[in-house]
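Colleague: Sequence:
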Amino acid sequence: NRMTIVGGLPMVDLNASTRSGLSAGTTLLAEVTVSALSNGGPIQVKTLPLNISATAAGFTGNFSVKVGTQTIGVTALSAAAGAQTITFTDPYTINPGDSVKFEIYAKTTIQTVGSASITTELGDRSAFKWNDVHGGVRPLTADLVPNYSTNKTSTIKDY
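Its first residue numbered 69, the sequence shown is counted upward by one per residue in our numbering.
The set of hints was computed from the structure by calculation and includes no laboratory data.
Quick list of in silico lysine-lysine cross-link-like pairs, BS3-like style, CA-CA up to 25 Å:
id	residue 1	residue 2
1	K169	K134
2	K220	K197
3	K114	K175
4	K220	K114
5	K169	K225
6	K114	K197
7	K169	K220
8	K169	K197
Kindly generate the complete structure, drawing on both the sequences and the hints.
Modeller: Put into structure tokens, the structure is as follows:
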């Protein structure tokens, strides 16, 4: 086993939910909370991997990310089903003890009314990239993150 000494460590959690209200237009796909341990240093989030499945629904345009009312700069990525990795234009800094809720949006279309749904979960832990600011170690993956779970889902449906 390889040991990596870090000054900070993120915790990553997808808010598990099942909601109705899927419609054509801008849709909140998932909320992912990333926090930095209070007894460590600041961390920076570089990429956020997602696995997305769609039934009787589709996408147009690019993914977008918000923190509160602020739109966060991300590299243009066409919204689509499958394994997707959102890349932040500038690594997003989170200070020790702080939590940030990233809201992932996409413009959605409905192909079959009454049976459309989109499910989002965290993607592969090796695709979650982050920097240890004080330790100067970068980029790291979620292989070091103990609670990184790809088993939680966020589902929105139109029925």
